[in-house]
Amino acid sequence: MSQIHWETAWFYVFALLACGFALAVVFASSIVRMAFYLVLCLASTAGLFFLAGADFVGAMQLMIYVGGTLVLLIFGVMLTSQAQFVKMRTGSGELLIAFAIGAALFALLAGVAMNVPEWRSAEGAISASTPPHTATPLAMGLLGARVDRPLAPDAAGYLLVFEIVSVHLLVVLVGAAYLARAKRRRISHD
Amino acid sequence: MAEFFNYLLDCGAYALSGGRWSVAPDNLFGVVVTALVQVIILLHVIAVGALIFIWLERKVAGRIQDRLGPTRVGGKFGWLQTLADGIKLITKEDLMPAGADGFLFKAAPYVSMAAALAAYFALPFAGSPLPFVAQQLNVAAFFIVAVLGLEVFGVILAGYSSASKWALFGSMREAAQVVSYEVPLGLCAVVPVMLAGSMDLVVVGDTQRGLFTNWYLFHDPFTFVVFWVYFTCGTASVNRAPFDLAEAESELVAGFHTEYSGLRWSFFFMAEYGSMFTVSMLAAILFLGGWHGPLPVTEWLGMQADGWLEYSTSPGIAAYLCNLIGMTNVVLKAGLLVTVMMWARWTLPRLRIDQVMTTCLKYCTPIAAVMFVGAAVWQAALPRGLMLRTPLANIAASEPWQRGAEPVVQTSGIAVDKEAR
Chain C
248 MSQIHWETAW FYVFALLACG FALAVVFASS IVRMAFYLVL CLASTAGLFF
298 LAGADFVGAM QLMIYVGGTL VLLIFGVMLT SQAQFVKMRT GSGELLIAFA
348 IGAALFALLA GVAMNVPEWR SAEGAISAST PPHTATPLAM GLLGARVDRP
398 LAPDAAGYLL VFEIVSVHLL VVLVGAAYLA RAKRRRISHD
Chain G
311 MAEFFNYLLD CGAYALSGGR WSVAPDNLFG VVVTALVQVI ILLHVIAVGA
361 LIFIWLERKV AGRIQDRLGP TRVGGKFGWL QTLADGIKLI TKEDLMPAGA
411 DGFLFKAAPY VSMAAALAAY FALPFAGSPL PFVAQQLNVA AFFIVAVLGL
461 EVFGVILAGY SSASKWALFG SMREAAQVVS YEVPLGLCAV VPVMLAGSMD
511 LVVVGDTQRG LFTNWYLFHD PFTFVVFWVY FTCGTASVNR APFDLAEAES
561 ELVAGFHTEY SGLRWSFFFM AEYGSMFTVS MLAAILFLGG WHGPLPVTEW
611 LGMQADGWLE YSTSPGIAAY LCNLIGMTNV VLKAGLLVTV MMWARWTLPR
661 LRIDQVMTTC LKYCTPIAAV MFVGAAVWQA ALPRGLMLRT PLANIAASEP
711 WQRGAEPVVQ TSGIAVDKEA R
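Protein chains in written order, with this note's numbering: chain C, 248 to 437; chain G, 311 to 731.
Simulated from the structure, these hints should not be mistaken for laboratory data. There may be inaccurate statements among the hints.
As the list claims (entries may be wrong) - No farther apart than 25 Å at their CA atoms in a straight line, the calculated lysine-lysine pairs in the PhoX-like style are these:
hint, chain 1, residue 1, chain 2, residue 2
1, G, Lys475, G, Lys416
2, C, Lys430, G, Lys672
3, G, Lys398, G, Lys416
4, G, Lys402, G, Lys416
5, C, Lys334, G, Lys475
6, G, Lys386, G, Lys398
7, C, Lys334, G, Lys416
8, G, Lys475, G, Lys402
9, G, Lys386, G, Lys369
Unchecked claim - From the derived model, a few chain C residues whose C-beta atoms are all more than 10 Å from chain G:
hint, residue
10, Cys266
11, Val279
12, Arg280
13, Leu295
14, Ala306
15, Gly314
16, Pro364
17, Thr383
18, Ala429
Even for Gly, the Cβ is constructed at its ideal location relative to N, Cα and C.
Chain C with its partners taken away, still in its complex shape (with noise of 0.2 Å):
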C-alpha cells in the first residue's frame, strides 16, 4: 500500500469532480443549474489549488471564481431573464464548433505543458505534505523583492505590474461609477 503516491490519487480525486462538472456545465439546460455546476467545477479547481500546496492561490479562487460566477449568476441571469426557470438548447451545429475550439486550445495547453522540462522532473512536484508558503513570497514579489530567489538579489520584482494593474481597475472603478451615475435632468429654459 506505500507504493500509492497518495497525493496523485487526490489529483485525480479532483481533477475528475473538476471535468465531470464541467460537462456538466455544457449539458445542462436551466441557466441557473449551469452556474451551480460551474461554482462546483471552481470550487474543485480550488480544491486542485489546496492539493499542490498554494493555499493563497485556492482561496482566490474561492473569492474571486466562485463569488465572481454568483455575482454573474445574480445579476446576469436572475435580473435580466423574462420568465420563471430559463431553458436553452444548444444547437448541435453551436456544439460541434465549441468542441473544435476546446479540443484545439487542450492541445495546444497539454503540448505546452508536456514540453517543459522543469515540470517533468518528480523533484520538482509539490504537494500537500510540503507546507504551503506561498503568501509571503508572493506578496513581498508584488512589492518588489524577490524573496523567493535570494541567489539573485536582483531578480526583478513585479512593483510596476502591480500598481498598472491597480491604476486600471480603479479607472474602471471610477468610470462603472460614472456610468451608474443618477443623471441630473436638464431643465429647459423653452
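Following the hints, complete the assembly by docking chain G onto the known chain C.
Same frame as chain C, but now just chain G:
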C-alpha cells in the same frame, strides 16, 4: 495526528503479522481517519453550538421582552427546549412546491451548510506550539472571509428554485447585502493582519499574548473603531437582525426559506448560527486577543510552551492544559459576541433595504478605509502601540526563504526580514 493513527495501525499490523507488515507514517489510513475525526468534531461544534445558541436566543429574547423564555422542557431553565424542537422538526413532512426546480431546491440547504462548515477548518481554537486547528493555513484569515461569502450561494439557490416570489425577493436582497458587506468586512479584517504581519490566525492570536492591553482592540484608536465596524459588517454578512432583510417576515412571509420545512429548513439555521459563531470567533481572534485571557494567568503559572511548568513536567502536558484554557477563553469571548448579536436583534428594529445599503456603502466602507490608513500610519509612527506593548519574539519567522538567517526578533508586529531590505 495522521502519523499517530498510522503508528497505531503499524503496531497492530506488526503484532498481527509477526513483524512482516508495516505501515508508513504517511499512509492514507491515518490521513482519512484524521480528516474524519476533524470533520465530526467540527460538525458537532456547529450542531451542538446551534442547539445552545437557539436556546440562548430564546432566553435572551424572553428577558429583553420581560418574559422568562423557555422554562419547562428539561428542568429549571428549559435546557432541552431546542432538542424538543429538533425532534419536532424531524417529524415534519418534507414539502416541496410543485413548480420548484427539485434538484436545486434539495441541494440548497446542503450548500449553505457546507460553506458554513468549510470556514471551521481554518479556524484555530488555541495557539502554538500545537494549535487546536484542523488545517493551519498561512492564509487562514483570507480563507475564512472568502468562504463566509459562499454561504449566500445556498440562499440564492433556495430563493430561485422555490418558484415563489417571496423566496426570490428574499434571496435577491440577501445577495446584494452579502456581496456589498464583504468589502468593508475584508477591509476591517486586514487591519489586525497588517499589525501582526501574518494572515495565519494562529500567529495573529499569539502576537496578542500578555495583558489585555496587548489586544489589537486597544492597539490604537483606529483599531478600536475598526472592531465595531467589523462587528457591524459581520452581523450584516451573516444576515442577522437588524440586517435580516432576506427573511423579513413582516413583508416577505419568511423570505428565502418560505417554502422549506422540517430538517431542510433547520439546515439553513444551523448554517446561520454556525456562521454567527465563525464571525464572532474571527472577531475574538483578530481583535480580542484570541485564546489569551484578559490577565495572563497561564503565563504566571508557567504553563505556556516556554514556561517553567512546561519545562519541569513531562513535555506537552502543561502546554496542552494551557491550550484547553485558551480554548475556553476564545469560545467564551465568541459566545459573548454572539450574545451581543442577539441583544442587538431583540433591541433594534429592522432596517429598510436602502438603509442597509447606505450603512454599508456610505458609512462602513469609508470608515473602514480611513481607519485602515490611520492604523497603518500609527503602526509606522508608534509601533509599540498606545499601551506600549512589550516586544514579542516573532512566531511567524518560519518561511522557507528565512531559514538559515538568524531568528528575526519582532518588535513592532511587522516581521522585519533582511532580504526584503
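Going down the list of hints, with the structure as the test:
no.: 1; hint: G/Lys475 / G/Lys416; verdict: holds (18 Å)
no.: 2; hint: C/Lys430 / G/Lys672; verdict: holds (19 Å)
no.: 3; hint: G/Lys398 / G/Lys416; verdict: holds (20 Å)
no.: 4; hint: G/Lys402 / G/Lys416; verdict: holds (16 Å)
no.: 5; hint: C/Lys334 / G/Lys475; verdict: holds (19 Å)
no.: 6; hint: G/Lys386 / G/Lys398; verdict: holds (21 Å)
no.: 7; hint: C/Lys334 / G/Lys416; verdict: holds (20 Å)
no.: 8; hint: G/Lys475 / G/Lys402; verdict: holds (24 Å)
no.: 9; hint: G/Lys386 / G/Lys369; verdict: holds (12 Å)
no.: 10; hint: Cys266; verdict: holds (20 Å)
no.: 11; hint: Val279; verdict: violated (6 Å)
no.: 12; hint: Arg280; verdict: violated (7 Å)
no.: 13; hint: Leu295; verdict: holds (15 Å)
no.: 14; hint: Ala306; verdict: violated (4 Å)
no.: 15; hint: Gly314; verdict: violated (5 Å)
no.: 16; hint: Pro364; verdict: holds (24 Å)
no.: 17; hint: Thr383; verdict: violated (5 Å)
no.: 18; hint: Ala429; verdict: holds (13 Å)
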